[in-house]
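A.B. asks: Listed below, chain by chain, are the residues.
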Amino acid sequence: MKKCKNIENSLPLYAEGLLSDAEKMSVEEHLAECADCSKAIADLKKVAAMTQGLSDIETPPWFKQRIMARVREEAEKKSFAQKWFYPLRIKIPIQVMATIIIAVLAVYIYRSGDEQMKAIVPQAPQPVMEAQQEPTPAEIPKAKKAAPALLADGEKDKVSELSSLPVLQEAPQKFAARQESMKDRSVEDDSLSGAAKKSRMFKAATPAKPAPMAASITDQLQPVISVYVADVNSAVVEAEKILTNHNAKKVTKKLVDGKTILKAEIPAKNLKDVLSQLRGFGRVEEKNMPPESGEQAINVIIEIKN
Amino acid sequence: MLWMSNIIDNKKATDGDDDLQYVVLCRKGDVDAFEILVERHQKKMLNIAYRMLGDYDETCDVVQEAFLSAYKSLNKFKAEAMFSTWLYRIVVNYTKNRLKQRKNLAQHEGGSLDESAEGQGGTACLAVPSAGNPAELLEQREREAHVQRCISTLDVEYREVLVMRDIQGFSYEEIRDVLRIPDGTVKSRLSRARNALKDCLIKVIGDL
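Quick note, the sequences are listed as chains U and F, same order.
Quick note on numbering: the first sequence equals residues 0 to 305 in numbering that gives the first Met the number 0.
Quick note on numbering: the second sequence equals residues 0 to 207 in numbering that gives the first Met the number 0.
Please note that a few of the clues may not be correct.
[Said to hold, decoys possible] Cross-link-like lysine to aspartate or glutamate pairs, in silico, EDC-like; alpha carbons within 20 Å at most:
{"hint": "1", "chain 1": "U", "residue 1": "K253", "chain 2": "U", "residue 2": "E285"}
{"hint": "2", "chain 1": "U", "residue 1": "K45", "chain 2": "U", "residue 2": "E72"}
{"hint": "3", "chain 1": "U", "residue 1": "K63", "chain 2": "F", "residue 2": "E138"}
{"hint": "4", "chain 1": "F", "residue 1": "K42", "chain 2": "U", "residue 2": "E285"}
{"hint": "5", "chain 1": "U", "residue 1": "K63", "chain 2": "F", "residue 2": "D31"}
[Stated by the list, open to error] Example chain F residues on the side facing chain U (calculated, C-beta under 7 Å, incomplete):
{"hint": "6", "residue": "Y21"}
{"hint": "7", "residue": "V23"}
{"hint": "8", "residue": "E34"}
{"hint": "9", "residue": "V37"}
{"hint": "10", "residue": "K42"}
{"hint": "11", "residue": "S72"}
{"hint": "12", "residue": "L73"}
{"hint": "13", "residue": "K77"}
{"hint": "14", "residue": "V146"}
{"hint": "15", "residue": "D154"}
{"hint": "16", "residue": "Y157"}
{"hint": "17", "residue": "D165"}
{"hint": "18", "residue": "I166"}
{"hint": "19", "residue": "S170"}
These are computed hints drawn from the structure, not numbers from a lab.
Ideal Cβ placement from N, Cα and C applies to all residues, glycine included.
With these hints in hand, go ahead and build the complete structure from the sequences.
C.D. replies: Have a look at this one:
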């Protein structure tokens, strides 16, 4: 029985002829004397015949169609995925998006950097210009007083000449004066170190530039008397006389665009008298007439025209 | 085209594999080429799965899944062996998974689905013998049902080698390639499977 157990697993292979010669001899020796194992091998052969004789099952008629339907569905999904993830189709949008993001970031960084610069350097050139154009009310009287002192006599004349021109003509002159002063400063600035330059610029923003500012204010406030007469020449002679009679100094006469402009420095208290006498010649228009009438000398411009 | 070079590299291993040209076409997007592969292998796959599962409807499901899985993973086929070998491995694995699921379900429900499935066979379309009287036909059907029932009692590892060798007539080499187990293991499992089947049939039928 023990031997039967030992060769039990060799019997199927023996039946199939797969054992080596030695194993085959051993099995055959045992089979010759063991009826059970001989029967077992006969049964195995019958079982082999039964299994080999099993009928094949047939595929159902719809089988292939159903498989292919699912495969085609899968193929569509695949091609859809390929369409979207085809290298070029994905590469190009990624590149475009990357370019846009980089551009947006560059602009953002540039702007934020600009703001930071403004925060660090508040004395940038632009505020200087603004400060020059728009003096604070506190600065205006200072400038008024400083202007006559700083300007030479010739320059004063130029300024008073300019004041007689229309307001629009003032702008280029101021701009030129400002540019000149800026040029001077830039020449000086070149020789200065960075820190010194900054401090210089900062100072220049307020008190260092009173002269052009003061001049412009004085121009605006200088009294201008326009006299419309029939005979300009005789009226000019009469007007000169009136001015001389009223202690006028530095009387100058100029002929501009068919009108005669007389400029003089007279005591403020005499201005009213001069004005009333000039009314005797013809129609008089007055501008920027000062309210005070003290001993203080003021510049007055008299335009005599037809 | 790595897969193409793989196929060329492994050409020697798959010399004479008529399926390769259709596999190549499938990979290029020709779905109809896959239909030819289905046509060629569906019956064998169905029979392997049916003899292991013993249930016709379940077998149809499993084979469909196996074909679909094969189509999805065609790019993984390296042509190291015949395409059919690769395909049969897929169906055997799917069948084994189904058996495992069935076993787990039986453990939950406290019964054996193997036993309940055996011989039920859904509405299996068995090949009709060309000749024979109805009594013989009936006897043969009954005998087949017994064999199928006994196969269903075998462990899965014995069942698969028995089905492939004794029912489907695979060579030992093919079984080794499909199951990826050594020759000796195939033989020893087959011996045990045959003995177990014989014992079962003697128990069920009586004298063979």
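A.B. asks: Each hint should be assessed against the structure and marked as holding or not.
C.D. replies: To see whether the hints hold, each was checked on the structure:
no.: 1; hint: U/K253 - U/E285; verdict: holds (19 Å)
no.: 2; hint: U/K45 - U/E72; verdict: violated (47 Å)
no.: 3; hint: U/K63 - F/E138; verdict: violated (32 Å)
no.: 4; hint: F/K42 - U/E285; verdict: violated (120 Å)
no.: 5; hint: U/K63 - F/D31; verdict: holds (12 Å)
no.: 6; hint: Y21; verdict: violated (13 Å)
no.: 7; hint: V23; verdict: violated (16 Å)
no.: 8; hint: E34; verdict: holds (5 Å)
no.: 9; hint: V37; verdict: holds (5 Å)
no.: 10; hint: K42; verdict: holds (6 Å)
no.: 11; hint: S72; verdict: violated (11 Å)
no.: 12; hint: L73; verdict: violated (10 Å)
no.: 13; hint: K77; verdict: violated (20 Å)
no.: 14; hint: V146; verdict: holds (5 Å)
no.: 15; hint: D154; verdict: violated (15 Å)
no.: 16; hint: Y157; verdict: violated (12 Å)
no.: 17; hint: D165; verdict: holds (4 Å)
no.: 18; hint: I166; verdict: holds (5 Å)
no.: 19; hint: S170; verdict: violated (12 Å)
Hints 2, 3, 4, 6, 7, 11, 12, 13, 15, 16 and 19, counting from the list given before, are not met by this structure.
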